[in-house]
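S.K.: Going down the list, the sequences are from chains A and B.
Quick note, this note's numbering runs 8 ahead of the 1-based positions in the first sequence.
Quick note, this note's numbering runs 2 ahead of the 1-based positions in the second sequence.
There could be a bad hint or two in this list.
Claimed, not checked - With a cut-off of at most 25 Å between alpha-carbon atoms, the simulated DSS-like pairs for lysine-lysine come out as follows:
1) A:LYS24 / B:LYS137
2) A:LYS24 / A:LYS101
3) A:LYS24 / B:LYS134
Worth flagging that the hints you see were computed from the coordinates, not collected in a lab.
Listed here are the chains, written in short residue letters.
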Amino acid sequence: MSKQEWPLYEVFVRSKAGLSHRHAGSVHAPDDQMALDHARDAYTRRSEGVSLWVVRSDSIVASDPAETSAFFEPAKDKIYRHPTFYEIPDGVKNL
Amino acid sequence: MSANQALIAYTLRLADNALILAQRMVELVAAEPELEEELANANFALDFIGQARMFYTYAGELEGQGRSEDDFAFMRDEREFGNLLLLEQPNGHFGDALVRQFLFEAFYLHLLEALMRCSDQRLCEIAARAIKEVKYHFRHSSHWLVRLGDGTELSHNRAQTSLDDAWRYTGEMFTADEIDTAMQENFDGPGLASIHELWRRDIATVVVEATLQLPDDQWMASGGKQGRHSEHLGFLLAEMQYLQRSFPGATW
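The task is simple: from the sequences and hints, build the whole structure.
M.R.: Structural data, given as structure tokens:
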């Protein structure tokens, strides 16, 4: 009997309220609901999170590595797009 | 039997249930079919071991003779264990182990809920902590049962057989003996008849969704709570207790 692999899911964890979900890794699961269970067991067992997202890896549309230069390099020489010319007031933490 | 003796015996039964089930689950470590399920099973086993420790420690304090959690776990014999027969049954295949978890956790969930309202402060606290873990366990085992039952013809038939085979061990959970009664009378403990109804309702919901059949009521095995066990517990204890029996007090 040939073994059929479960589909892959990407896991996103929100570590605390107010912060955004961050990619934590991936799990295999037979369906969406079990993917959530597996993500909980694999990625939040040391109380890493307060919220979880899972999404089928094949649902993610990714940029093509071959097009990296056309996609990203034009931004490199445009320093005026960076907000580095502002002074950050003392006491501001999450900026 | 005094109220305090009944409370000790009752607490030890809770501890034994958690420990013996945990030991069965530990046997599955490194033997689960998928990595994700491996992590889940090991986590759940550790949850149960944590609960067993809290119950044993409390029983030792109630008894007041200096027995530690390890003394209860490793230095008692088969007849002194009061765990349910269901929990000591061998793991079998994935479906067998899963159905055992499912049937017990549906019961344990309501037992803990009732214990949270009992008049013994410490048991209330332990139950309040344990119930969060067990709620998730039950969710997990329910999800799996639906997928096995409503999966392929093979998984459906196997899950049905597992359910039929385990059914004879469920009667014991709801048959009150003198310790259950003393716990209920003196400490406002769980009423097993009402838990039986809630249990039936909960498992029926999942079993229907899993397209399985609830087994007919039949002859029920009993005796685990009173220390009369199936032939399997002795072997389980032999393996679990070997080190402490051979090298008493060994630590690492």
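S.K.: Would you mind marking each hint as holding or not holding in the structure?
M.R.: Here is what the structure says about each hint:
{"no.": "1", "hint": "A:LYS24 / B:LYS137", "verdict": "22 Å, holds"}
{"no.": "2", "hint": "A:LYS24 / A:LYS101", "verdict": "16 Å, holds"}
{"no.": "3", "hint": "A:LYS24 / B:LYS134", "verdict": "20 Å, holds"}
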